[in-house]
Structures are given as structure tokens and as C-alpha cells.
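These protein sequence lines are chains S and A, in that order. So in numbering that gives the first Met the number 0, spot 36 of the first sequence is number 35, and the numbers just go up one at a time. So in numbering that gives the first Met the number 0, spot 64 of the second sequence is number 63, and the numbers just go up one at a time.
Hints listed in this document are in silico derivations from the structure and should not be mistaken for laboratory results. A hint or two may mislead.
Derived, one-sided and incomplete: chain S residues facing chain A with beta-carbon distance under 10 Å [claimed, not checked]:
1. Gly99
2. Tyr100
3. Asn115
4. Thr117
5. Gly120
6. Gly137
7. Gly138
8. Trp140
9. Arg141
10. Asn149
11. Ala152
12. Arg156
13. Val157
14. Ser158
Note that the structure is predicted; figures quoted are calculated from it, not measured. Cβ coordinates follow ideal geometry from the N, Cα and C atoms, glycine included.
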Amino acid sequence: MALIVAGATVTSGANLDATKLTGNLPAINGASVTSLNGSNIASGTVATARIPNLAASKITSGTMDGARISGGTFGSVNGSNISSLPAATSIPPIAWGAVGYFAFIYKHYSGTFNYNSTYSGGILGGRINPASTSTGYGGTWRMGSTINQNQMACAQRVS
Amino acid sequence: MAITIESIGATLIGAKNPQWGRADKSAIDLECKFSHYERLGIGTDTDGYTGFWASLDDPEPHGRAIFEAAKAGEYGTIKDYDPSKVEGD
Numbered sequence: 000m001a002l003i004v005a006g007a008t009v010t011s012g013a014n015l016d017a018t019k020l021t022g023n024l025p026a027i028n029g030a031s032v033t034s035l036n037g038s039n040i041a042s043g044t045v046a047t048a049r050i051p052n053l054a055a056s057k058i059t060s061g062t063m064d065g066a067r068i069s070g071g072t073f074g075s076v077n078g079s080n081i082s083s084l085p086a087a088t089s090i091p092p093i094a095w096g097a098v099g100y101f102a103f104i105y106k107h108y109s110g111t112f113n114y115n116s117t118y119s120g121g122i123l124g125g126r127i128n129p130a131s132t133s134t135g136y137g138g139t140w141r142m143g144s145t146i147n148q149n150q151m152a153c154a155q156r157v158s
Numbered sequence: 000m001a002i003t004i005e006s007i008g009a010t011l012i013g014a015k016n017p018q019w020g021r022a023d024k025s026a027i028d029l030e031c032k033f034s035h036y037e038r039l040g041i042g043t044d045t046d047g048y049t050g051f052w053a054s055l056d057d058p059e060p061h062g063r064a065i066f067e068a069a070k071a072g073e074y075g076t077i078k079d080y081d082p083s084k085v086e087g088d
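Go ahead and model the full structure; you've got the sequences and the hints to work with.
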């Protein structure tokens, strides 16, 4: 059966002039369509699989959520605008009196504080300064060396 | 509610034998057992317990929390303050 287009008879083996076509294409395999213009994609969603590796230089506006940043290693970053950092006094073991903090313990009275043994305020604070309500010796402390009366050594708060 | 040491993530396992550490009852001397003690070799001959000074003015939150719990009687009756324990030999 012959197809008649604009008065011309199209038979098997003949070429159909595509410029004569208007309206909507039917369901058709477009595998061989070339020279598509990206600006003509006007609706729908392009699958992410269709997007190749994207150079970071292409991201030129907007704000990236912090949750999208993970792993890897930061390159050279200027941190001058980083905010909401924890207060220095809350960063252990630097924080005064925090667990892990080191302090010098002075043995005011007789007796011995033994290396690697633990001591707590009833002995430490009291015997160092009986009249004081010192806050420096809360928790438990472990001696860095053995000391006797009137000697001083470094100790670490362990709890 | 579990009491933890925020900086190292250790948890208080138990506490016992509380005694007022100051006459004004602003500190309590007791024995505590924390989850990291075994790793540090602390309390190996005392079932993991060692002395702990809990006070209202401790800069560490867990120290203040232990004080409040001890004051509320969670670790037993608090013994009276004994000046001889803090005034030296």
C-alpha cells in the first residue's frame, strides 16, 4: 500500500522529507537522533545517571548543606569565618579541672602519695590546703610520681 | 539517668560509701567505679572502686551530677562530716 503525502506517493524505499512533518511524534525510537539542543529540554526530570562527573567549578551559586560534606581531607582552607566553635574552656584536656587535665599536687602533710595510685579531694584538697574550699581537685587524680610531705608532683585527673 | 564523663565517654558504673567532705555540705567524698577504670588499671584490688570528690563547684558536669545524686541518697546514707579526713595528720 502506498502512502500519499502532499500529493506525492511515498513507497517502500523512498525518503520522506522530515521538514514536511508537523504535530507530535508518536512513540518512536530516537536512538539515532543527533544534534539535540539542550535548551529544548523544557520539562520533566533528567535522571542523575545522565549527568557525568561534575567539576566543582561548575557550582557557582547557592549554599551547600553541611550534611553533604563527609570524608576526604580538606585542602587549604581559610577558617577565619568558622563560627560556633566550642569554648576553649570546654575542650579537654585543656579545660581547667577537666578529666585528662594535669596539675601539680603538693603534699602538705605527712604521708605518701604513691606513683600511679589514685587520690581524691578528701585527701588532696584537704591536706594541701585545709582551710580552703578549693575547686581544683574534684573527681579522682592519679599521681605521676611518688611524693612525701612538702613535695610536689604532677597528677592527672582520671574521672 | 546514667552519668557520663562527656570528654571521654566513660560511664559511672557504681558509687558507694558517701560522706560529707565539707562542713558546709558542698562536697561529698565517696567511692566511684567508672567504665574506663579497668582499662587504666584503676581499682584492680577494690572491685573497680576508688575515691571520688564530688562537689557543687566541680568544673566537670559529671562531678556535679554525682554530688546531686549522692545528696539525693542514691548511693546510700551520707555519713557525717569528719574533719580529721581533710585537716591533715
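Status of each hint after checking the structure:
For Gly99 (chain S), the suggested interface contact is upheld, since its CB lies about 6 Å from the closest CB of chain A, less than 10 Å. Of the supplied interface hints, the one on Tyr100 (chain S) holds, with its beta-carbon coming within about 9 Å of a beta-carbon of chain A, less than 10 Å. Taking 10 Å as the C-beta cut-off, the interface hint given for Asn115 (chain S) holds, the closest approach to chain A being about 8 Å. Taking 10 Å as the C-beta contact cut-off toward chain A, the hint placing Thr117 (chain S) at the interface holds, the least distance being around 5 Å.
Annotation: Gly120 (chain S) was flagged as interfacial toward chain A, and the flag holds, the nearest CB pair being 3 Å apart, inside 10 Å. This hint holds: Gly137 (chain S) has a C-beta 3 Å from the nearest C-beta of chain A, less than the 10 Å allowed. For Gly138 (chain S), the interface hint holds, since its Cβ comes within 10 Å of a Cβ in chain A; the closest pair sits about 5 Å apart. A hinted interface residue such as Trp140 (chain S) counts as satisfied when its beta carbon comes closer than 10 Å to some beta carbon of chain A; here the least separation is about 9 Å, so the hint holds.
Residue-level restraint check for Arg141 (chain S) holds (minimum Cβ-Cβ distance to chain A is 7 Å; threshold 10 Å). Annotation: interface hint on Asn149 (chain S) violated; nearest CB of chain A at approximately 12 Å, more than 10 Å. The closest approach between the C-beta of Ala152 (chain S) and any C-beta of chain A is roughly 18 Å, which is over the 10 Å cut-off, so the hint fails. Satisfaction of the interface hint for Arg156 (chain S) is found here, the shortest Cβ-Cβ separation to chain A being roughly 8 Å, below the 10 Å cut-off.
The closest approach between the C-beta of Val157 (chain S) and any C-beta of chain A is roughly 6 Å, which is under the 10 Å cut-off, so the hint is satisfied. Hint status for Ser158 (chain S): holds, given a least beta-carbon distance of 5 Å to chain A, under 10 Å.
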